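Every letter in the sequence shown is one number past the one before it in this note's numbering, and letter 304, counting from 1, is 303.
In short, the hints are calculated from the structure, not lab data.
Possibly wrong hints are sitting among the right ones.
Stated by the list, open to error - Cβ pair distances, simulated, as ranges: (1) G124 with L255: 32 to 40 angstroms; (2) A301 with V266: 18 to 26 angstroms; (3) A301 with G88: 36 to 44 angstroms; (4) T323 with R238: 14 to 22 angstroms.
This one's a predicted model, so the numbers in the text were calculated from it and none came from an experiment.
The C-beta atom is built at its ideal place from N, Cα and C for all residues, glycine as well.
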Amino acid sequence: MSAVIPSHDDPVIAANAEIIGGPMGKYSRGNPWWSPLRVIVLLTALGYAVGYWLDSACRSTSWASPERYEHLCYTDIHPFFSLKGLFEGIFPYLGDAKPEHMVDAPVLVGLFMEFSARITSVMNGIWPSDDQAVQFYDVTAVLLFLVLLILVITTVNTVSNRPWDAAMIALAPMMVLAATISWDLIALAFVALAFWTQSKRKNVATGIFLGLALCSASYPIAVVIAVAVIGLRSDDWNRIANLIGVTALTWFVINLPFAIANYDGWVVIYRHQIETGAELGSVWFALIQLGGPTLSTPLLNAASVLVFLAAVAVVAAITVRALTTPRLAQVAFLLVAAFALTAKGFAPQFSLWLIPLAVLARPRWRDFLIWQACEVTYFIAVWWFLAGYNVEGAKGLTPQWYAVAIFVHIAGTLYFAYRVIQDINKPEADVVRKTTRDQVLHQSVML
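With the sequences and hints as input, model every part of the structure.
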């Protein structure tokens with residue numbers, strides 16, 4: 000089946016096609032060298048370069064405060080180099096049991112940090128720098144760009160006749176703004192690889208990649224739950240159980256050596272998730288800023304989990320009652336959105352989790368940009384709020400306006416989720432289902 004042409008398929012692209020010379024003609028053959036993949040790789044590079052350039056204001060001052068908030072260019076990467084012992088050559092999880100050096104990140108992220116630190120050390124021997132943390136940021140940014148390329152190229156090949164949808168990832172405003180805040184792109188790439196292998200009907204590989212994703216972030220657990228929810232419509236629970244089993248086995252194989260070698264260093268990320276209270280970006284934090292009660296940590300943990308489980312039940316009901324089995328991407332988007340919205344905290348880079356899933360679930364620019372506009376609003380608000388947070392006489396966003404921005408982000412995510420649910424209930428309106436020859440594609444976990 001020939002590739003879907005965006006100017007023929009998407010109303011927003013069609014309405015603005017004159018900017019790039021008008022819609023592609025019916026019999027146009029195009030330039031064979033400029034394939035969709037090459038164009039999208041170029042767009043990815045341009046978008047990432049713009050994001051790196053936007054961070055240059057902070058890079059030149061080594062991310063000094065409050066400029067890193069005022070200029071909207073904060074990153075975790077620069078301070079982690081010094082704070083987590085990477086500068087001293089301390090291996091994450093294993094090299095030092097001091098509390099201040101414990102890496103509060105999943106294992107594969109810690110190993111990625113170590114790899115970046117080793118390259119930084121070599122580079123500093125060749126090009127000495129007074130601030131190795133900046134070098135570490137640069138090295139990490141280059142490596143994360145390669146990870147982003149894996150994500151984009153994989154998405155291009157997941158639904159083979161809709162390669163241009165991946166341009167939404169490359170040009171997503173939040174991808175430009177937030178790609179180098181932290182290491183979230185690693186988990187995104189593994190989840191994308193899981194969807195790609197599932198489109199090739201390779202369940203074992205899918206389980207391995209989902210396991211690797213869980214070793215890189217917590218949100219892929221919602222994707223695993225989506226697999227189980229889709230399974231409610233399936234008659235082959237053995238294959239579903241095998242996929243989930245491979246996922247769990249992969250996670251254990253990677254994590255167990257670190258847990259045995261230094262349990263206190265390994266468990267810090269999970270202990271942090273349990274022991275913290277309401278954090279920035281969450282609905283719980285917003286309610287506090289508006290005068291609501293501050294829940295104790297145990298009560299907040301229970302409330303967060305119960306609300307998420309309620310959302311899982313709602314999505315499961317939608318899945319079971321749908322006339323046609325929803326596509327895995329649709330269910331995964333809904334559950335990851337629920338995971339993000341009910342969590343005790345929502346950092347700006349967490350918006351990245353949903354971008355590839357949104358592209359696979361509902362590749363429509365209008366709804367995508369509406370949602371992204373809400374996310375950008377929150378992105379700006381959180382940094383301006385932090386610029387004045389607990390700083391006497393500082394100028395920053397008030398707690399009330401910050402709470403409003405949180406609800407804007409929530410509303411945007413719920414809007415996109417609503418549009419996905421509409422597609423589930425009316426499969427004839429699902430653009431992917433309409434334009435893909437294999438109508439079973441992504442319909443279930445047993446592709």
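Here is what the structure says about each hint:
Separation of G124 from L255 is about 35 angstroms and conforms to the stated range, judged on CB atoms against 32 to 40 angstroms. For A301 and V266, the Cβ-Cβ distance of about 21 angstroms falls inside the hinted range of 18 to 26 angstroms, so the restraint holds. Separation of A301 from G88 is about 41 angstroms and conforms to the stated range, judged on CB atoms against 36 to 44 angstroms. Separated by about 20 angstroms at the C-beta atoms, T323 and R238 satisfy the suggested range of 14 to 22 angstroms.
Hint compliance for this structure: no hint is broken.
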